[in-house]
Amino acid sequence: MNDKLTAIGKYNEDFNNYLPYNIKSSNIYQSNGLEKHIIKRHPDCLKYIGFIPQIIANPDYIGINPNEKVTSFELVKCIAENVQIGIKLDAKDNYLYVATLHTITDSKLKHGIQNGRLKKFDK
15 MNDKLTAIGK
25 YNEDFNNYLP
35 YNIKSSNIYQ
45 SNGLEKHIIK
55 RHPDCLKYIG
65 FIPQIIANPD
75 YIGINPNEKV
85 TSFELVKCIA
95 ENVQIGIKLD
105 AKDNYLYVAT
115 LHTITDSKLK
125 HGIQNGRLKK
135 FDK
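Counting in the numbering used here, the sequence shown runs from 15 upward without gaps.
Calculated directly from the structure, the hints in this document are not laboratory data. Any given hint could turn out to be false.
[Claimed, not checked] Computed Cβ-Cβ distance ranges for the label pairs, DEER-style:
#1 T20 to G130: 31 to 41 Å
#2 D58 to N36: 17 to 27 Å
#3 S121 to N36: 24 to 34 Å
#4 S39 to S121: 12 to 22 Å
[What the hints assert, rightly or not] Calculated pairs, EDC-like style, for lysine to aspartate or glutamate (alpha carbon to alpha carbon, straight line, at most 20 Å):
#5 K38 to E49
#6 K24 to D74
#7 K122 to E82
#8 K102 to D28
#9 K18 to D58
#10 K133 to E49
#11 K134 to D74
#12 K134 to E95
#13 K124 to D74
#14 K38 to E95
#15 K61 to E49
#16 K137 to E27
#17 K134 to D120
Every residue gets a Cβ at the ideal spot worked out from N, C-alpha and C, and that includes glycine.
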């Protein structure tokens with residue numbers, strides 16, 4: 015790992031009940047580059063960057079992006095909008111990090127629930 019990472023949350027081992035992984039509790043990191051990514055790709059979502067620790071600690075939905083080939087998962091929190099973060103495992107250095115943050119529509123959320131991609135996270 016490098017010094018450009020900040021711990022912003024803890025992996026909740028209860029996530030393993032919803033994911034095909036057995037990840038041990040560990041920190042989840044945010045890189046300095048995440049804000050640049052959001053500004054470039056999802057500028058309207060920059061206002062939610064401060065909610066990332068809350069999303070990790072208390073997500074409403076959890077799921078897997080079937081298009082991802084690496085160990086990763088998604089967490090969704092319904093705030094004013096449905097805010098989704100993508101978390102990936104850095105296989106080389108073995109740490110979890112927030113790779114992206116964006117909003118999803120109500121219809122995309124409902125579709126994800128209906129097709130099983132997203133599951134209600136029961137705290």
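query: Looking back at the hints listed earlier, which ones does the structure fail to meet?
result: 2, 4, 5, 9, 10 and 14
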